[in-house]
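Could you build the full structure based on these sequences and the hints that come with them?
From first to last, the protein sequence lines stand for chains A and B.
Using this note's numbering, the first residue of the first sequence is number 1, and each one after it goes up by one.
Using this note's numbering, the first residue of the second sequence is number 1001, and each one after it goes up by one.
Among the hints, erroneous ones may be present.
[Said to hold, decoys possible] Which bits of chain B does chain A cover? Going by a derived footprint, with three or more residues having C-beta under 8 Å, they are:
#1 1139-1147
#2 1167-1180
#3 1227-1238
#4 1266-1280
#5 1314-1323
#6 1341-1351
Derived by calculation from the structure, the hints in this document are not laboratory data.
Computed from a prediction, not measured in an experiment: that's the story for all the values here.
For glycine and all other residues, C-beta sits at the position ideal for the given N, C-alpha and C.
Residue-level listing of the chains:
Protein chains: 2
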Amino acid sequence: MKRYEALAEALAESMAAGQLRPGDRLPSVREASRDRGVSPSTVFEAYYLLEARGLIEARPRSGYFVRHAAAPQPEPSASSPESRERQVEVSELVFQVLGLARNRALTPLGSAFPSPALFPLPKLALALGRATRHLDPWRTIEDLSPGSPELRRQLALRYLTSGCRVDADEVVITNGAMEALNLCLEVVTQPGDLVAIESPTFYGALQALERRGLKAVEVATNPRTGLDVDALASVLEKHPVKACWLMPNFQNPLGSLMPDEAKARLVALLESHRVPLIEDDVYGELYFSRRPRPAKAWDRSGLVLHCSSFSKSLAPGFRLGWAAAGKFAQEVGRRKLMSTLATPVPIQEGLSEYLQRGGYDRHLRQLRQTLAQHQQQVLRGIARHFPAGTRVTQPEGGYFVWVELPSQIDALELHRLALSHDISIAPGHLFSADHRFSHHLRVNFGHPDHPKVEASLKTLGQIAKALSP
Amino acid sequence: MKRYEALAEALAESMAAGQLRPGDRLPSVREASRDRGVSPSTVFEAYYLLEARGLIEARPRSGYFVRHAAAPQPEPSASSPESRERQVEVSELVFQVLGLARNRALTPLGSAFPSPALFPLPKLALALGRATRHLDPWRTIEDLSPGSPELRRQLALRYLTSGCRVDADEVVITNGAMEALNLCLEVVTQPGDLVAIESPTFYGALQALERRGLKAVEVATNPRTGLDVDALASVLEKHPVKACWLMPNFQNPLGSLMPDEAKARLVALLESHRVPLIEDDVYGELYFSRRPRPAKAWDRSGLVLHCSSFSKSLAPGFRLGWAAAGKFAQEVGRRKLMSTLATPVPIQEGLSEYLQRGGYDRHLRQLRQTLAQHQQQVLRGIARHFPAGTRVTQPEGGYFVWVELPSQIDALELHRLALSHDISIAPGHLFSADHRFSHHLRVNFGHPDHPKVEASLKTLGQIAKALSP
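And the structure:
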């Protein structure tokens, strides 16, 4: 942990313990610097971080104050899916709903993507230009799967900083995390097999299962701490699970984050059952306080296939992802060769160039602050406008919150009415093989630059209230 | 047909008819221009084209002369596979052989790729830079599958020039033709289904069938005219074929080209059986005389899924391909969304920019000439050095010839010995589900800039002779 992070942590603990209370003024930068024996810039960074997390606020010419927490909102209830195997058939609904949501005229509360304006596209374009202008033509052959050695080395280095040892040799470059996840699924399952997933789960996982003709068993989750490892243990006892597809960090749609000890138990449990874990970690870099370790960090037997990408954190539309596939790495590389042969060489070389030049971490700090601040705004909007009885998650990262509306409200109906007001939402039906989250929705808070977020939350709240009996 | 092409064609016919014979001097440019009533530059272009096709040669200060044909070499025999359904298991061998062939220290006679030096990479880098520097960030969302509307429009325009009406709406942008082919296969088959393929066939098709758990039935071919449509008709009578995967233009590995009337019969035959055709047309632009039409040009019912890419003709390593998937287009687009979501936006926009600026056709003319000339050299090398009884195809496009050695020679043994001399070859075993082409090899003539092609052909010939009894 960096010094400013440690200071921010200490202050956050004082707030949690009630030593610093809402409305209290924080020490000035000069005072804190002297008292804590750290540099003023460390204090500044700590205060920025706390501000980004919504814990303190700056008042002009007065300094920093502990904030009154957003109207405290209850969390959605833990999920309790039936423990049964079922065929997956969601694609038709997913395509219908998401096809509509790609229209940029809509307020993108249902979007899967953060605002493309949050990313350093001009810098990436420069890196792409530099990397390709004098490209050794033979790289177009040598960067075929598993991918550019230099890029894979860069990725292995980044794993180290997230507390995870990954050898460059086990990294396969893919077309975004989606391809990585699909290839991993293909390697560890046969059609007809059973896969354990979270309830609710990312619809992309459901589509991948459907595409490969797999069955799903859904496992209970807690909206804050994610997968219930005990529930998974009981599922593993009862069902012939061949693989797990999970998202321990900032789960889509919950935003939940599994604590370290739960990740450790998860990996040990799966190891004892010899069940591979496909770990979708595309939001891991978008933390608001500390980089969470992936479950892969506890992997000792190569059973964890860790998948991620730059699509949410750096370079949307570049479709640069990877799998650190443990003992399945060679087979994943072969499947990649057989399906799409390679990830475009200019993209690989361009991102490798960008990473080598530095600037990624600076960009990420900015991005995380922006997202954390906007999360607070969206949570306040929901608290203000949504019907009584609404529950919502308050994730420590990512750009989704999960909203549980009063149970009489049908989210598909809400979706249809919202569309007529040029607002997209992602109804809960998309996130389960049995469509059980019928009064839930996922709200995207990754569009801080969009002028109509607040107004759209208000409209959405009005529609929801009108749908309540 | 352009004016210079018509003139070249007329002269080629005179040679075929014996009016112009080997050693004859062609009229000077001035004479021909006057006699034929065309501009001198038209005559120049026609002569260049004939030179590229190996039909005439320039002698310094003397003009152009009809060439003595390369030592006339017999063609390989037509294939006659057993008409039976079989499981496909080739991948292990393919990976072994091709994994070794990616080393740039080898003379790449076994390579699947033409020399990367033949392509306008610096110009493509410029186009990539221009397209991405001021990219509208929202394109990163809107260019998701089926892909950039402008690029799809450009592709539809190019189809028109190859005599084929394709609506931009049926085009899905993919990561190279390999992904297009795989997605199309996924849409028109279920695991366990039977697919008809050529004998010999591209190993990528065999791998795709194996990956999806499909069975293959191989259909006889002629080394010059490709698929035997009568043989296919008989296969369709006897077997429950669910799809065909064929390469009518410059088939890999034969280099064969189906005549127009055979394509027309093929499409009509498949239509009468309601069997979809996956048409792999990645070499179609690499013709030496006239652009062959794809089978898709005869498609009236949307059953032809035409797949191609820029990987062999313009931009290796960019992984930009597409499927014009007829009535399956929407389903192919959905599978693309579910598997890799999208093709990188900078790549789509960069190639769209390059196509709009023009220059592609000029590049292609140059590329075709280079390949045609080098084909002559390689054919002469084979004629000179390979054992008596060797047969070889003389394709009118692409960059492969198919060599049939005396039947006692084991091509896998030849492959192993060649490697020890730093020469890669592609043994015939790779090109059939039943490994029947054991004394055949595919030779790549797409590396005119490689200094050791001639010497390597000589070495290869010596090894082959030593392997003959």
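Quick rundown of the hints versus the structure:
1. With 6 residues bearing a CB less than 8 Å from a CB of chain A, the stretch 1139-1147 of chain B meets the requirement of three and the coverage assertion stands.
2. Counting residues of the stretch 1167-1180 of chain B whose C-beta lies closer than 8 Å to any C-beta of chain A gives 5; at least three are required, and the coverage claim holds.
3. Residue count for the stretch 1227-1238 of chain B with a Cβ under 8 Å from a Cβ of chain A: 0. That is fewer than the three needed, and the coverage hint is violated.
4. Requiring three or more residues with a Cβ within less than 8 Å of a Cβ of chain A, the coverage given for the stretch 1266-1280 of chain B is violated, as only 0 such residues are present.
5. Only residues whose beta carbon comes within less than 8 Å of a beta carbon in chain A count, and the stretch 1314-1323 of chain B has 5; three or more means the coverage holds.
6. A stretch counts as covered by a chain when three or more of its residues have a beta carbon under 8 Å from one of that chain; for the stretch 1341-1351 of chain B and chain A the count is 8, and the coverage holds.
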